[in-house]
Amino acid sequence: MRDRRRCIDMRLRRGRRLAAALATSGLLFGTAACGSGSGSARAGDPNTLEVWTRSDPDSAQTYKRVFAAFTEKTGIKIDYQPVMNFDQQLQSRASTKDLPDVMINDTALMGSYQGQGLLKPVTPASIAGHGEITAKSWSSTVGRDGRHYGIPYSRQAMTLFVRKDWREKLGLPQPKTWQDTLALAKAFATRDPDGDGKRDTYGMVVPGSAQNGYVAWWGASWLWQGGVRIVEKEGTGYRPAMDSAAALRTVTWMKDNLFCGDNGVIQPSALTSVTANTTNFQDGNAGMYLTGPYNISTFDKALGKATYEVLPAPAGPAGNDVLADGENIYFGARTGKAKQEQALAAFLISPEGQTLAMTGDHQPVVRIPVNSTLDAAKVRGDARWSVVQKAYEDDSQQFPNAPDWAPIKQDTADSLNALFTYCGSDVKAGLKELNDTLAGDLKDQDLLK
Amino acid sequence: MTATVTTPGPRRARVLRKKAVLGKKAVLPWLFLAPGLLLALVFKFLPMGKGVWLSFFDVRPFLGDQWVGLDNYTRVLTDHRFQDAIGHTLVLGIGMSLGGIVAGFLLALLLEGQARSLKIIRTAVFLPVVTATAVVGEMWRLMYYPTSDGLINSGLGLLGLGPVPYLDNPDTALWATMAMGIWMLAPYNMVIILAGLAGVDRSLYEAAAMDGVSLWQRLRHITLPAIRPALGIVLTLAAIRGLRVFTEVYVLTGGGPAGSTDVWMTRAYTLGFSRNDIGGASAASVLLLCVTLLLTVTVNYFRKRGDVR
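For the protein sequence lines, the chains are A and B, in the order given.
If you're matching positions, the first sequence starts at 59 in our numbering and goes up one per residue.
If you're matching positions, the second sequence starts at 4 in our numbering and goes up one per residue.
Derived from the structure by calculation, the hints contain no laboratory data.
Here a beta-carbon is modelled for each residue, glycine too, at the ideal position from N, C-alpha and C.
Any given hint could be a false lead.
Here are the simulated SDA-like pairs of lysine to any residue, each with C-alpha atoms no more than 20 Å apart in a straight line [unchecked claim]: (1) A/Lys155 / B/Phe65; (2) A/Lys256 / B/Ser151; (3) B/Lys53 / A/Gln146; (4) A/Lys436 / A/Pro458; (5) A/Lys313 / B/Phe65; (6) B/Lys53 / A/Ser150; (7) A/Lys501 / B/Thr77; (8) A/Lys256 / B/Leu159; (9) A/Lys256 / B/Pro173; (10) A/Lys256 / B/Thr226; (11) A/Lys501 / B/Asp82; (12) A/Lys155 / B/Leu159; (13) A/Lys490 / B/His83; (14) A/Lys501 / B/Lys53; (15) A/Lys155 / B/Ser151; (16) A/Lys155 / B/Ala210; (17) A/Lys178 / B/Pro173; (18) A/Lys256 / B/Asp152; (19) A/Lys256 / B/Leu162; (20) B/Lys47 / A/Gln146.
With the C-beta cut set under 10 Å, the calculated list includes, among others, these residues of chain B facing chain A [unchecked claim]: (21) Pro38; (22) Gly52; (23) Gly54; (24) Phe59; (25) Pro64; (26) Leu66; (27) Gly67; (28) Gly163; (29) Pro168; (30) Leu170; (31) Tyr253; (32) Gly259; (33) Thr264; (34) Asn303; (35) Lys307; (36) Asp310.
Cβ-Cβ distance ranges computed for the label pairs, FRET-style [stated by the list, open to error]: (37) A/Lys507 / B/Thr175: 40 to 46 Å; (38) B/Leu93 / A/Thr310: 32 to 38 Å; (39) A/Ala183 / B/Asp68: 33 to 39 Å; (40) B/Leu297 / A/Asp504: 51 to 57 Å.
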């Protein structure tokens, strides 16, 4: 998801809104460049692995470097396909019963892929160096039947990006709680932090559209901080948990203070924004953004390192947990090249493979290394990454990995977007309805307890 | 067949030759049509058939699809979000089609003529049609930007009117989408109507002018009857295109806020690709196909009846 977003981010990054025509005609070329070739499987050659990643051309350059190092080391060739519309392409390959050997894609898709029978189970012990991945990371690849269906590859957690120059100019402290954040957002919106004499700045950037479930992705950190879980594990199944008192309290707070509060606390187009067109932070007219660290390189280029800071998410009533996600390495079902696949996975999680993927001139594809012998800040020589690593290790929650998460995320997003849109809406009734819908989703997967 | 007449011979031979010639004649057109038909078969009819087929299954390509009969259809039709989406589709489809026809007609009346300046303006007006919808959507999104930075809102600002959150207010989002749709559709209709206008008998206008008719009477009794075939085509196209609106909505609002612009196809897309429910998405698409087919046939029926009369 992130790479797709970044690809669109890159296409749409722009300084001036009125330069629309140029930016949008660029979109066409960007689309072509980010598209992918068809999957030409060299299935016959046992010494060639077909590998798919969801990557834009820039990230693909990093992957190419990693795979070249692997081929040099082992002699196993890689037929590499960076694919942007990954799931559509994968569905069409699945219908021909010929999957790529190895895929690198979002953690949250594991349940969906496993449910469709697309993945081969993985025995951690069969991967050299498996001990260097923490138990927490390994636990995130356990499927419904208790077996592992992926190998952790890259992890990340959300952090709060704040315009340091603005904050210092207004003489306000770093936000530690929701209340601090709200006060800072209001100050950014009303006290003209960019000093141009106009009220044209916003407190916080929110990708609040229900499209592709964005508002659930962004809002998950706030839910965790309010002590909410979307679904809760119970025995061998799950039960929906969006009708809890904590959920009512948290969603009401978000609605009243962020979406229906004072003007300018969030950017005005929040309800229809996805990350690709949520560029207010890098355009320099919004002061905060709770988002993933993949943005660091973008913001460095657009704003400059000195102008903003990377902070742990401010705490809500139940702590400051944020959403963690990342990418896993998946083995396609029925591909019959187990040895070579395991060798590739071992290389990708090794200190050498992870370091290669975190460095270089192009967009890094490993954010927080899963290899516990590495330190993201040290490898990159950038202390800001230790904030992200600490958030991931100490204060983060993933979406549950066993269920097919796609419908649950989409339904949660539809419901939250509707509640935030209608300021007079009945939150309690809305959440009750969402809870019933989620129960239906879990029932469809035979997971409802 | 003429050969059989000019070269008389034994009856049997004549019949044989006639058969051969007939056979050749029957095969030839098909041969010429074959490449096109083959392409249509592979890229249109087979996928369409597959879509219909999949709509009866719980689609799991790697585990084997499961026959569920009409389950997908009942699920889609009883889903209240889908029902809402159908409502939005109808409002948007009818509004865009009629708006596009009226605007196209007005444009055609304004821009009819041979002058060079008119040609340039016509080309400029036609540009939205040749621009990719995704690009148009992104442009309008920026124009609708809900602060004084947005083009339309900065214009309103000059008049002292406050910024309007066109796309972020569920009460206005659908109308804002419709306005963009009309902007895209009208020039295309304009061209068809212009062609119709070119065929209007000028002497009728002259006679009307001598009789001293008003502008409205001239439009009502001369222009409109004369361009009825052109309007028929425009209406048929509108019936085909009206309900399958997708890109405009997907780029502009993604169906939001609060599902207030969700239409048939965005709902089907969400089902298929966000929720991995290919069977449900296929059922939704098949339903749309049926409704569109019905609508097109109906419009054509009334058009033909009108022509006969």
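Right, here's what the structure says about each hint:
For the given pair, A/Lys155 sits about 6 Å from B/Phe65 by alpha-carbon distance, which is consistent with the 20 Å threshold. About 11 Å separates the Cα atoms of A/Lys256 and B/Ser151, which keeps this hinted pair within 20 Å; it holds. For the hint pairing B/Lys53 with A/Gln146, the CA-to-CA distance comes to about 16 Å; that is within 20 Å, so the pair holds. For the given pair, A/Lys436 sits about 30 Å from A/Pro458 by alpha-carbon distance, which is inconsistent with the 20 Å threshold.
Of the supplied pair hints, the one linking A/Lys313 and B/Phe65 is violated, its CA atoms being roughly 42 Å apart against a limit of 20 Å. For the suggested pair B/Lys53 and A/Ser150, the alpha carbons sit about 13 Å apart, so the restraint of at most 20 Å is met. Our distance criterion of 20 Å between C-alpha atoms is met by A/Lys501 and B/Thr77, whose separation comes to about 18 Å. A distance of roughly 18 Å separates the Cα atoms of A/Lys256 and B/Leu159; the hinted pair therefore holds under the 20 Å criterion.
Distance check on the hinted pair: A/Lys256 and B/Pro173 sit about 28 Å apart at the alpha-carbon level, beyond 20 Å; violated. Distance hint between A/Lys256 and B/Thr226 is unfulfilled; the C-alpha atoms sit about 53 Å from each other, more than 20 Å. A C-alpha spacing of about 16 Å is found between A/Lys501 and B/Asp82, which places the hinted pair at or below 20 Å, so the restraint holds. With a C-alpha separation of about 57 Å, the suggested pairing of A/Lys155 with B/Leu159 is violated against the 20 Å cut-off.
Restraint check for A/Lys490 and B/His83: satisfied, since their Cα atoms lie roughly 16 Å apart, inside the 20 Å limit. Note on A/Lys501 and B/Lys53: the hinted pairing is violated, with a Cα-Cα distance of about 28 Å set against a maximum of 20 Å. A distance of roughly 53 Å separates the Cα atoms of A/Lys155 and B/Ser151; the hinted pair therefore is violated under the 20 Å criterion. Only pairs whose Cα atoms come within 20 Å are accepted, and A/Lys155 paired with B/Ala210 is rejected, the gap being roughly 73 Å.
Of the supplied pair hints, the one linking A/Lys178 and B/Pro173 is violated, its CA atoms being roughly 45 Å apart against a limit of 20 Å. Proposed proximity of A/Lys256 and B/Asp152 is supported: the alpha carbons are some 12 Å apart, at most 20 Å. For the given pair, A/Lys256 sits about 19 Å from B/Leu162 by alpha-carbon distance, which is consistent with the 20 Å threshold. Pair hint B/Lys47 plus A/Gln146 holds up; C-alpha atoms about 18 Å apart against a cutoff of 20 Å.
With its C-beta approaching chain A no nearer than about 22 Å, B/Pro38 sits outside the 10 Å limit, and its interface hint is violated. Contact between B/Gly52 and chain A, as hinted, is not supported at the beta carbon level, the nearest pair being about 14 Å apart and thus beyond 10 Å. The closest approach between the C-beta of B/Gly54 and any C-beta of chain A is roughly 13 Å, which is over the 10 Å cut-off, so the hint fails. Checking B/Phe59 against chain A by beta carbon gives a least distance of about 16 Å; that is not within 10 Å, so the hint is violated.
Restraint check, B/Pro64 versus chain A: the minimum CB separation of about 4 Å is within 10 Å; hint holds. Taking 10 Å as the C-beta cut-off, the interface hint given for B/Leu66 holds, the closest approach to chain A being about 4 Å. For B/Gly67, the suggested interface contact is upheld, since its CB lies about 9 Å from the closest CB of chain A, less than 10 Å. A cut of 10 Å between beta carbons decides the hint on B/Gly163: the least distance to chain A is about 17 Å, and the hint is violated.
Restraint check, B/Pro168 versus chain A: the minimum CB separation of about 6 Å is within 10 Å; hint holds. Checking B/Leu170 against chain A by beta carbon gives a least distance of about 5 Å; that is within 10 Å, so the hint holds. Interface restraint check for B/Tyr253: the shortest CB-CB distance to chain A comes to about 8 Å, inside 10 Å, so the restraint holds. About 5 Å separates the beta-carbon of B/Gly259 from the nearest beta-carbon of chain A, less than 10 Å, and the hint is met.
Taken as an interface hint, B/Thr264 checks out: its beta carbon lies about 9 Å from the nearest beta carbon of chain A, inside 10 Å. Below 10 Å, beta-carbon pairs count as interface contacts, and B/Asn303 has none with chain A, the closest being about 35 Å; its hint is therefore violated. This hint is violated: B/Lys307 has a C-beta 41 Å from the nearest C-beta of chain A, more than the 10 Å allowed. Checking B/Asp310 against chain A by beta carbon gives a least distance of about 41 Å; that is not within 10 Å, so the hint is violated.
In this structure, A/Lys507 and B/Thr175 meet the distance hint of 40 to 46 Å, their C-beta atoms being roughly 43 Å apart. One distance hint, 32 to 38 Å for the beta-carbon pair B/Leu93 and A/Thr310, holds here, with the actual separation near 35 Å. Between A/Ala183 and B/Asp68 the beta carbons are some 35 Å apart, a value that agrees with the proposed interval 33 to 39 Å. Between B/Leu297 and A/Asp504 the CB atoms are about 38 Å apart, so this pair departs from the stated range of 51 to 57 Å.
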